[in-house]
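Spelled out from the first residue to the last, the chains are:
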Amino acid sequence: MDSPDTPPPPPATPQSIIDILYREDGDRAKRPVHTIGIAVRGFFAPSSVASRYCRAAHFQPGRYPVIVRFSNGSGCKDPHDNWSDVRGMATRFTLPATAGGKKTYTDLIAMTLNEFFSKTPDDFQEFAWAARPVPYVRQSAWRKLLALLRLTLPLRDPYPGETISPDLGAINYATTNAAARPGVVEAAGIGAPVSYLRAAYHAVHTFIVTNSDGVQRPVRFSWQPVLGVQTLDQKAPYDPDPEPGNGDSYLQDELRHRLLTSIGKDHPRFSLMMTIGEAGDALDDPTRPWPPRRVRIMMGTLSVHEIVSDPDADCERLCFNPGLLTDGIEMSADKVLKFRVETYKLSGRMRGARECPFSGASPDDVHP
Amino acid sequence: MTAGYLVEDEIGIVQGNILRGYKLPYVRHLVLEVADRTAARAFLGAAVAGDNPDVPQITTEQPDRPGVPKATVTFNLGFTWQGLKALGLADQELRSFPTEFIEGMTRRAAKLGDFGDSDPCHWPSPYRQPDRVHVIASVYATDEGELNTVQDQVSRSFKVIGVHNGYALPEGKVYFGYKDGMSQPRFVGFHGSGPRDGKNHRIVEPEDPLGTVLLGKPTRLRDLEYAIPQPDQLGRLGTFNAFRVLQQDCFGFEDFLTSTAELLQKQGVADRLVGNEHAKLVYPELKGRDALREVIAAQLCGRWRTGMPMQLAGILKSNPDAQPSNQFDYGSHALCPVGSHIRRNNPRGGEVVQRIANFTRRLIRRGMCYGHPLDLKRPDNLERGLLGNFIGASLGAQFEAVMCDWLNLGLNSPEITGSNDPLLGANTVETSWFDLNLWTEVKPKTIEKHRIHGLPRFVTTRGGAYTFLPTVAGISYLAGLRS
Amino acid sequence: MTSTPSWLDRFVDGLPDKGWFQFLARNLVVPYWVWRDPRPKLPGGPRSAPQSGENLQRMMNLIMPLKDPSPIGRAKAALVVAQNVDEIFAGLDNVGTVHNARFLLLGNNLCMISVYDGDFTNYIRDFIATIGSVFDAIMDLVEGGDDLKPTEQNIERFIDWVHAHDLFQVPDFPTDLFTLQDEARGLTGRDHSVLSLPRDYILQFHANPDVSLGGGYRAYPGVSAAQIRESQGMGW
Numbered sequence: 000m001d002s003p004d005t006p007p008p009p010p011a012t013p014q015s016i017i018d019i020l021y022r023e024d025g026d027r028a029k030r031p032v033h034t035i036g037i038a039v040r041g042f043f044a045p046s047s048v049a050s051r052y053c054r055a056a057h058f059q060p061g062r063y064p065v066i067v068r069f070s071n072g073s074g075c076k077d078p079h080d081n082w083s084d085v086r087g088m089a090t091r092f093t094l095p096a097t098a099g100g101k102k103t104y105t106d107l108i109a110m111t112l113n114e115f116f117s118k119t120p121d122d123f124q125e126f127a128w129a130a131r132p133v134p135y136v137r138q139s140a141w142r143k144l145l146a147l148l149r150l151t152l153p154l155r156d157p158y159p160g161e162t163i164s165p166d167l168g169a170i171n172y173a174t175t176n177a178a179a180r181p182g183v184v185e186a187a188g189i190g191a192p193v194s195y196l197r198a199a200y201h202a203v204h205t206f207i208v209t210n211s212d213g214v215q216r217p218v219r220f221s222w223q224p225v226l227g228v229q230t231l232d233q234k235a236p237y238d239p240d241p242e243p244g245n246g247d248s249y250l251q252d253e254l255r256h257r258l259l260t261s262i263g264k265d266h267p268r269f270s271l272m273m274t275i276g277e278a279g280d281a282l283d284d285p286t287r288p289w290p291p292r293r294v295r296i297m298m299g300t301l302s303v304h305e306i307v308s309d310p311d312a313d314c315e316r317l318c319f320n321p322g323l324l325t326d327g328i329e330m331s332a333d334k335v336l337k338f339r340v341e342t343y344k345l346s347g348r349m350r351g352a353r354e355c356p357f358s359g360a361s362p363d364d365v366h367p
Numbered sequence: 000m001t002a003g004y005l006v007e008d009e010i011g012i013v014q015g016n017i018l019r020g021y022k023l024p025y026v027r028h029l030v031l032e033v034a035d036r037t038a039a040r041a042f043l044g045a046a047v048a049g050d051n052p053d054v055p056q057i058t059t060e061q062p063d064r065p066g067v068p069k070a071t072v073t074f075n076l077g078f079t080w081q082g083l084k085a086l087g088l089a090d091q092e093l094r095s096f097p098t099e100f101i102e103g104m105t106r107r108a109a110k111l112g113d114f115g116d117s118d119p120c121h122w123p124s125p126y127r128q129p130d131r132v133h134v135i136a137s138v139y140a141t142d143e144g145e146l147n148t149v150q151d152q153v154s155r156s157f158k159v160i161g162v163h164n165g166y167a168l169p170e171g172k173v174y175f176g177y178k179d180g181m182s183q184p185r186f187v188g189f190h191g192s193g194p195r196d197g198k199n200h201r202i203v204e205p206e207d208p209l210g211t212v213l214l215g216k217p218t219r220l221r222d223l224e225y226a227i228p229q230p231d232q233l234g235r236l237g238t239f240n241a242f243r244v245l246q247q248d249c250f251g252f253e254d255f256l257t258s259t260a261e262l263l264q265k266q267g268v269a270d271r272l273v274g275n276e277h278a279k280l281v282y283p284e285l286k287g288r289d290a291l292r293e294v295i296a297a298q299l300c301g302r303w304r305t306g307m308p309m310q311l312a313g314i315l316k317s318n319p320d321a322q323p324s325n326q327f328d329y330g331s332h333a334l335c336p337v338g339s340h341i342r343r344n345n346p347r348g349g350e351v352v353q354r355i356a357n358f359t360r361r362l363i364r365r366g367m368c369y370g371h372p373l374d375l376k377r378p379d380n381l382e383r384g385l386l387g388n389f390i391g392a393s394l395g396a397q398f399e400a401v402m403c404d405w406l407n408l409g410l411n412s413p414e415i416t417g418s419n420d421p422l423l424g425a426n427t428v429e430t431s432w433f434d435l436n437l438w439t440e441v442k443p444k445t446i447e448k449h450r451i452h453g454l455p456r457f458v459t460t461r462g463g464a465y466t467f468l469p470t471v472a473g474i475s476y477l478a479g480l481r482s
Numbered sequence: 000m001t002s003t004p005s006w007l008d009r010f011v012d013g014l015p016d017k018g019w020f021q022f023l024a025r026n027l028v029v030p031y032w033v034w035r036d037p038r039p040k041l042p043g044g045p046r047s048a049p050q051s052g053e054n055l056q057r058m059m060n061l062i063m064p065l066k067d068p069s070p071i072g073r074a075k076a077a078l079v080v081a082q083n084v085d086e087i088f089a090g091l092d093n094v095g096t097v098h099n100a101r102f103l104l105l106g107n108n109l110c111m112i113s114v115y116d117g118d119f120t121n122y123i124r125d126f127i128a129t130i131g132s133v134f135d136a137i138m139d140l141v142e143g144g145d146d147l148k149p150t151e152q153n154i155e156r157f158i159d160w161v162h163a164h165d166l167f168q169v170p171d172f173p174t175d176l177f178t179l180q181d182e183a184r185g186l187t188g189r190d191h192s193v194l195s196l197p198r199d200y201i202l203q204f205h206a207n208p209d210v211s212l213g214g215g216y217r218a219y220p221g222v223s224a225a226q227i228r229e230s231q232g233m234g235w
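Residue numbers (numbering that gives the first Met the number 0), protein chains in the order written: chain G, 0 to 367; chain X, 0 to 482; chain E, 0 to 235.
Because the hints were derived from the structure by calculation, they are not lab data.
As the structure is a prediction and not an experimental result, all values here were calculated from the model.
A few of these clues could be false.
Stretch by stretch, here's where chain E covers chain G in the computed footprint (C-beta under 8 angstroms, at least three residues) [what the hints assert, rightly or not]:
#, segment
1, 148-160
2, 180-192
3, 272-285
4, 291-298
Cβ atoms here follow ideal geometry from the backbone N, Cα and C, with glycine treated the same way.
Pulled out of the complex, with its shape left as it was, chain G reads as follows (with noise of 0.2 angstroms):
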């Protein structure tokens, strides 16, 4: 690993974006980011209309066995739910089997940003390093005051116990690097949902779906869900001795409950919205959101039944991974997109996960 002092040449590689993202306080034997996470199943059911725009095959009239795993964007092994930080929602939908009786799968994965960092690569490089954890100051009461009367925004107090501050080097990054921008205050503005099942989840990059006839479409993909998106308020007083479902895996207790409680026909459920880019739209530019007035379709339901039965075979050993797509669905010439499918086979190899689905190896060592 390089010296504090001296950052990694470009060109941005797998191995070393993730030497970056590992920190002192996480853990190698699982994921550098989203190291914290707990997976669920259910099932996709597509929308009426779904079939028009993608001839994808969970897109076809069916319903459609999914796992799901929310996560914790940070790389500390350590939970704290609480703490403002970004959420993940990777999902693995199992597809009809093919002729010879293989199984297919395909993913998405999203998080609670509606837009990446970087555009390329090696500035992701030069981004995850300005950004890079650092020991955690409290900001002095006479800085904070001279902010109060520039009228800019005082920094963030550390969390009790929180040695580790996640966005003083992205917000000093930000100040040169436009495109940076938008990311970094949605995401040192982001808090913590009441529950996983309460937030919006979108997948930023654009992939291209094409229909039965031929007609392809530049998309983008989020999950809304349906009970609604709500934030802990975190102008509570912290509480260090926390009644059950608000400590500092409180989300993952919510998660249990919730899922163990809801009776019958009552899973928690997340619309899947495609908005369609037009041209002038930044197609392969993940930095960039897209507005509200795009055309959006509802594609479809997910709805979350139980928590998976093994939780390091079908939650910490699954790769999942944004390139395993299937017919119908291809990936834009977005960089990022492309370098992630890569690097997250790279980080699946490090940590002992399950073979990789691209790998070929037999459909029954890969999935349940």
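We have chain G already, so just place chains X and E on it with the hints.
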């Protein structure tokens, strides 16, 4: 209310090439900067008076006189707002010009669809410094020597910062192979009245009031009058021009016709294309895929490449030598696709969402080709296209209104909203589409739509400016400025 | 190393909630910054963009200060609108690109709130062309209106006036304000600390006190009024 026609002292002061076009084979547009205000004003005064052999005289619109030959060299001037400012026009008078003219074409890029490759940041010199583009002097002539003479004369009083050479292709064609300039507004009291036009076609299209092009005259919208820029001597009977340098991807267009023909054959719909039945009348020598390409070209434009409108091609059955006419309209079962180039930019009397807008957003178009000659058998990457002039009394109400709501976006009909002009529009391959017309398989045959996708952008903007074309009285006023 | 907050830390943390500090901020701090680093007033209405989605269902928030905001003046305004409402609706039908429009009497203003397709100058121009006289009656009621009558003969100035009274639309993505302010001052590519975003907003709200917060929600974005009428079989 002023007279709807030109009265005696108004005749002969409007610049030429506005009400009627020049039919000369060569043009040179000189893009000029006013480096020396005094010299520029002196030039203007001499250009109006015509008494200085070293200064070309402004050509004006003159009634034809028997025995008097038409001019073989013409000279006209257009001024940008920055140019009027550089000549010393007073602040209050500068403010009396319309907002879009003051801002200039470069700042209106988003509205005009000039993004991506057409973005002004890619425009070559001099357009990258729009505040230095002051005057566009246009010289039409019968040979190059005359163009050079005038350029020399002009360069003594102005700084020449850009030169565009244009020429007419044979048969009145422009690049993409279409015969152009077919439909121009005909003015009340100017082009003569009577039930038949100059080519003896029965007139269907209503004439346009002079106010469509000349400021101070009544417009089609009953009581609406456009503001005359001040002072009156400068503004009255002047008009505005959108000058645009439009690069055309001719090889890309021909390739698109070929690949679309192949696609339609593969999809099994090629023999139902509306216009197939006329292809053998318009192009009796073409067969198979070659004929199919011409049908597609006709649907994209609304006219066959010979200039014959799709709506009128049937006339060739009884009269194979019939000349293309401009007298037609669009009914509810029109052959011509709603999204075709000529129909979306001039919906004539057909149904329009903006009901009041029929016949109001008219444009006079004066265009000449530029760039390297084309040999379709030898593909190249050289630049060629159209030097376009789009003239009307109000840039906002006419040129810009057509560009942003009809040519792009297709707001004039819900059938095409969300799509752009197939020939000129701001298309990207990932998102563009066009609905071709097919005859239905079931009888009685009616028209159904067939959508094609992935049209690339064929025309890229490479520069331009909004100019004001005053009368010679207006140019005299500018010559007389002192400050 | 993080330490527990001292009394000074807690005092400063609590300042934004204290009434006297807010008073100080409003009457001293903000005026200081307005003097030191003012921002230009940003133009109203939706910003030009080439995407169809940006050109369909655009919001107009036209705020016209009343000459006479007393109950009598308001009654007069209400009467003028009521007497002309048939003409206004017929005019909007002919314009063909308006999804909905309504008039409000709010504070000291007569407001026209509408959702329309395409370019706003075409909308206003076509609207004047069909119902110019009604607009003259409305111009009688509002400040600065006399100067623009008859509207049919002052179209360009009237369109500019509407543009000036249409509310600035705060960008949907907060950091876009940096770009808008830079462009308005002719600057490009400057550094901006995201921590200074509140100041930029405060100063902008000084220049544009009345705004539309973002471009709004649409249940069915990207379709025109005529497309909806056609797809619902209502004719257009």
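So, going through the hints one by one against the coordinates:
no.	hint	verdict
1	148-160	holds (count 9)
2	180-192	holds (count 5)
3	272-285	holds (count 5)
4	291-298	holds (count 5)
When held up to the earlier numbered hints, the structure conflicts with none and fits them all.
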